[in-house]
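Participant: Order-wise, the sequence lines are chains A and B.
Be aware that the first sequence starts at 1, since it is given in my numbering, and climbs by one per residue.
Be aware that the second sequence starts at 1001, since it is given in my numbering, and climbs by one per residue.
Think of the hints as simulated: they come from the structure by calculation, not from any bench.
Each computed DSBU-like pair below joins lysine-lysine, with the alpha-carbon atoms no more than 35 Å apart: (1) A:Lys65 <-> B:Lys1039; (2) A:Lys331 <-> A:Lys6; (3) A:Lys146 <-> B:Lys1135; (4) B:Lys1135 <-> A:Lys110.
Spelled out, the chains give:
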Amino acid sequence: MYVAVKGGERAIENAHAWLDDARRGDRDVPDLGLAQIREQLALAVDRVMAEGSLHDPDLAALALKQARGDVIEAVFLIRAFRTTLPRFGASLPVDTSQMQILRRISATYKDAPGGQVLGPTFDYTHRLLDFDLAQAPDVPPAPEIKAEPADTPHILSHLGAEGLMQGEGPGGPEVPDLTRTPLEFPAERALRLQALARGDEGFLLSLAYSTQRGYGRNHAFVGELRIGHLRVSAHLPELGFEIEFAEILLTECESVNQFQGSKTEPAQFTRGYGLVFGQSERKAISMALVDRALRARELGEDMDGAPAQDEEFVLSHCDNIQSSGFLEHIKLPHYVDFQAELELIRKLRRDAAARQAAE
Amino acid sequence: MSDPSLSRRDWLGLIARAPLARLGALWPDDPPEFTWLRKPEVGAMMVQGRAGAVGAAFNLGEVTVTRASVRLPCGTIGHALVQGRDTRKAERGALLDALLQTERGERLQATVLAPLLAAERQETETRARRAAATKVDFFTLVRGEG
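Let the sequences and hints guide you as you build the complete structure.
Facilitator: Put into structure tokens, the structure is as follows:
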């Protein structure tokens, strides 16, 4: 039975008006500008872009403001907006070796060509609250020294040149797209990487951590972590050539994992891969570890039921919009469903009471 | 600036990446007479990466873009595909692309493209200098008697 229920319009309208009022907060405090969010809460903006799967810092800043700082709500707004945009085409795959490096570190090679560059990192800070920040201090510009032009090849390419790093297959002619075709299992790696790139940072962090603790044993080193600006090219049919139409900030992580070898392949290292919009190394490292865990089947490794190795489990639950959509729908009216359950419980109790009386 | 003039491919990219404020400051001219071939349209381009940086292409996520095309009375056609959602930037970009192909091109190379390029290079240079300042110089502590 379907029962239409109407009513509550005025309550909803007033609730939304209160939401607007609460968002604005104390009117004696200046209204928050989008540029302030974009510039001063840049990592929140980056996370909204990564999980919203749309690179546009101003839009992400607006979403954060509208969502009162609720990151997943902001991601939801971005995803909804994204669906209204016509897709003009796809870029050429980015060549991350051409990235203009802001940060680039390796946990495997101290003397990597191109050097170790720390960039604007929280590492080595003492995680003590800085009460000076409460006073809007003048901040001097970052120190600069002469930059020697240097190539920064991927560090793992050196292992590859020695044949100690498993090569990467070229992939098919069609790039699968989960925004166009629903996920099916088993999913090829390109599809898994797309899902992970827009997946929830917290979920991927926990899964990656679980692999480190022994659920799906694969001990990872961070072969390289790099953050930097990269130009994005596309071929324009009306012109007949490529242009570099955008520049975006990306974080990339390549993990190195041991592989014992198989009948057909010698012992060598394998890679897990993470690539994320914006500056987000926790997410990029997590993505690399989960990507590697999900390669267990293809590499013929022991699958002992670890969650991170179960692609259906990981890919079906990593999207925070899908998850929260289903989770939160249970707060909406289920009056009729519940009535049915209530009836059932009452009937069971009546039947049990009748049986007891008969005994 | 001693740079030779930019190719069309390079100027289309330079304009696409430039912030509107910078473009507007350099080229506040009244727009010339033109007709739209394609009015500015906001959309998205899917950015692709590669598994393991070198392997199979995968879809990373989209980036907002705006495109437009114009025709000048002389018949020259200009296109723009610019980063972001600003229709004015796409309009300016398409007009600039058209004008750069005309006899006004040489002057616009000097008055618009050269400063845009210089500003972009300046940003790149500043980042490189800041990164260089955070490059680690390892040194080894000598232990024991040499």
